[in-house]
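Chemist: Take a look at the letters that make up each chain.
Number of protein chains: 6
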Amino acid sequence: MANQNAAPFSLSKLALLLPLLQGHDWQKTVEEQLAGGGYRYTLGRVGAMDLMKVVAAVETAAKRNRLIDEEQYREVHALYHAIIEAIQGVGRGTMQFGEILRTVGLTFAVVRGPMFPQGAEPGDWIAVCLYGTIGAPRKGFEHEVLGFGINHV
Amino acid sequence: MANQNAAPFSLSKLALLLPLLQGHDWQKTVEEQLAGGGYRYTLGRVGAMDLMKVVAAVETAAKRNRLIDEEQYREVHALYHAIIEAIQGVGRGTMQFGEILRTVGLTFAVVRGPMFPQGAEPGDWIAVCLYGTIGAPRKGFEHEVLGFGINHV
Amino acid sequence: MANQNAAPFSLSKLALLLPLLQGHDWQKTVEEQLAGGGYRYTLGRVGAMDLMKVVAAVETAAKRNRLIDEEQYREVHALYHAIIEAIQGVGRGTMQFGEILRTVGLTFAVVRGPMFPQGAEPGDWIAVCLYGTIGAPRKGFEHEVLGFGINHV
Amino acid sequence: MANQNAAPFSLSKLALLLPLLQGHDWQKTVEEQLAGGGYRYTLGRVGAMDLMKVVAAVETAAKRNRLIDEEQYREVHALYHAIIEAIQGVGRGTMQFGEILRTVGLTFAVVRGPMFPQGAEPGDWIAVCLYGTIGAPRKGFEHEVLGFGINHV
Amino acid sequence: MANQNAAPFSLSKLALLLPLLQGHDWQKTVEEQLAGGGYRYTLGRVGAMDLMKVVAAVETAAKRNRLIDEEQYREVHALYHAIIEAIQGVGRGTMQFGEILRTVGLTFAVVRGPMFPQGAEPGDWIAVCLYGTIGAPRKGFEHEVLGFGINHV
Amino acid sequence: MANQNAAPFSLSKLALLLPLLQGHDWQKTVEEQLAGGGYRYTLGRVGAMDLMKVVAAVETAAKRNRLIDEEQYREVHALYHAIIEAIQGVGRGTMQFGEILRTVGLTFAVVRGPMFPQGAEPGDWIAVCLYGTIGAPRKGFEHEVLGFGINHV
Ligand SMILES: [Mg+2]
Ligand SMILES: [Mg+2]
Ligand SMILES: [Mg+2]
Ligand SMILES: [Mg+2]
Ligand SMILES: [Mg+2]
Ligand SMILES: [Mg+2]
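These protein sequence lines are chains P, B, E, Z, U and Y, in that order. Its first residue numbered -16, the first sequence is counted upward by one per residue in my numbering. Its first residue numbered -16, the second sequence is counted upward by one per residue in my numbering. Its first residue numbered -16, the third sequence is counted upward by one per residue in my numbering. Its first residue numbered -16, the fourth sequence is counted upward by one per residue in my numbering. Its first residue numbered -16, the fifth sequence is counted upward by one per residue in my numbering. Its first residue numbered -16, the sixth sequence is counted upward by one per residue in my numbering.
The hints are simulated quantities; they were obtained by calculation from the structure and are not laboratory data. Careful: at least some of the hints might be erroneous.
Since the list gives no way to pick one copy over another, a pair counts as held whenever it fits inside one copy or between any two copies.
[Said to hold, decoys possible] Dumping the calculated BS3-like pairs for lysine-lysine here, alpha-carbon to alpha-carbon at most 27 Å: (1) K122 with K11; (2) K46 with K122; (3) K122 with K36; (4) K36 with K46; (5) K46 with K11.
This structure is a prediction, so every number in the text was calculated from the model and none was measured.
Model the full structure from these sequences, guided by the hints.
Modeler: The following block contains the structure:
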């Protein structure tokens, strides 16, 4: 057993590690903590030059996996602003992809639950992590990128 | 032994995982890969309301640990823009901390080397990860944040 | 008679109140002050995911109602920058609607004249107010928004 | 009685009209609707070249008047982002005042409650309106400005 | 005589060439065209980590040299926005210098007059050019930069 | 012979003057210095409402004229960020053209080589200058604009 004596990860670290460790055998530990901590989460992929598709992919995955109640505008609003914040980290200065001739290939995670596993404060938070590549629309002409956003639900 | 059959991490993942896993027993594996891949790196901490201090702390640590040749402007320039990109992810929309009454407590990593451990392409890249908290200048009134930047050296 | 002892509104307040009070019986008073102060103004509506349509709708309405002389570039330029400023208030951080999967339904006012009804300073100013809703392209999943811009003509 | 047959104002309109109508006899009607709708609100003033003072003034007034529970980070977080959005409308492109040699004199309103007076959706929203002048630090060398932000609490 | 058969420069080109050609013998030709075209202009220098000093230096030079009537707010407003636009070109993404540990050494020109020497359209325009270096506060660790803004007066 | 006793221009000045002096007889001197200093350069034109076309036009011209090795991602990356910086100067606050109903007609120059003709520091820099007009999609309803970016290769 690997991380016996390590403290459990926070909501944000879980959201960050989930796409970062995809395909790595540590990911199982992250998923165990997500399940054990009562977190709701989703992991997906989206590749696009069109920013709108990125927003839509994350939103749709979060709704389909019941991370938010899609009939409550305030929950949709909370998720939306977390997504926008994550995109700002991906864009680094401007939220534009295709318009400035760059494309993204992103793995995304959305996690909802208490900020800390043993959190005493009431109420959920929702974190969005977008990790992948950004660059020219040509294989290998890209570098990695990560954007992270979080909001109270 | 944990991640036997996992592929080695890229430069960017190493830079991202280093501060995320601080204090966790997985960090040793990350450090082993950094050493084994011939990467130069540094891990440090800075807390501030003053953005200038964040830039200076990362720059100083990278120079002192010989990640860049501080006598070559082009190396300083490469690092500088990577830091600014990382700060954009932390700021999410505006690079301001104290001016808008928020403070940051950040662990930072800077990693220099080939983009991939077995990279065939010549030339180094430098990645900067800032991970920590942002919020009101009051303990517990903050959430996590992560910014990532990368540049060719 | 309602606001007997109140000072007349400034150009900016008139532009702000016109869309805010649409359908309210106070609007008549606002329109009386607009007419009495020699102001030229227009009130219109535009709903779009496409930012370009918002700019075009306001510009077209202002030209058609002779708020600016559309044969003089400097007048067109003055209006244009006032519109852009107003859109920045609507966008709050980024001037994007459809690209980030949000739609707007806006009532807009453009008012031209002296900054204050009894203004002694020569020369006109032009103010643009955009008021309405912004949100997901789904009825009720939106909140209100207001952007305001002003320029010398 | 003036606006007998007008529909009651939304939370956002109340927040917008409160500083816009300061000193005008319509303001009493706005305050009656605020009280009658069970809204919590505050109206204050701040003049500064220093952005931090604007954030602090609004935050302090909202806490002192119990619009938010200052012991709950999620409530503080909700207010904070609403303030930042409002400042973006004031800054129109950049959240800077003194740094670019401009000063603001603002009347601000913060309103908390349901989005609409007869709102059926559960949960509160908090709206921030900043209205006043921006310009050179010289009397009369300024124009009006308005910024508006809103968030779910 | 050099540029016999070249068309005279526009207002914008004159503003751009003036600091670019400082110390070069072509500058005399530029100054002759400025004088011959009835343009009012000023050329100055400012070095700073503090953005406010840059704005102030350009504003002060323009007022002292009577490019604008400093008693008319609309003229001050026109100049102000032209300066801000020029600074955006210098900052490339953010209007910050010292906050992000960079310093500027700028030569600036402000030119007022018709957009084109034989301009038929009534009314003046004012153009601001900032040219110089930006970089670390260490000699030689900087690169060149140019920002340009223009507005109707 | 005109500028006998003037110091040769820097890489950045050459990039700036090349489009500014197009059609002027001084341009020959600029081209002589470019050739004499061992610089690689290209001069082109692009008119568009679509930002992507501007990025593509500059990138394509630089590749076709062998300013960068298009098989090396780090060279493509260096050029890309220089282009983006130049566009920020053109956009002054937002990198949008058609979306906000403005069109650009740009002459662009890309220059690669040492920062200074007698530069002792090893390694090339690449500078991008975009000069032309921006405005409404109607002849004469536009003003001049210049954006400049530079990066280490
Ligand atoms: Mg936050
Ligand atoms: Mg990059
Ligand atoms: Mg203004
Ligand atoms: Mg919102
Ligand atoms: Mg303009
Ligand atoms: Mg640079």
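Chemist: Does each hint fit the structure? Answer for all of them.
Modeler: Taking the hints in turn, this is what the structure says about them:
1. K122 with K11: neither (29 Å within a copy, 32 Å between copies)
2. K46 with K122: Only across copies: K46 and K122 sit 17 Å apart there, 32 Å inside one copy, limit 27 Å.
3. K122 with K36: both (20 Å within a copy, 21 Å between copies)
4. K36 with K46: within (15 Å within a copy, 30 Å between copies)
5. K46 with K11: Close inside one copy (24 Å), not across copies (37 Å); limit 27 Å.
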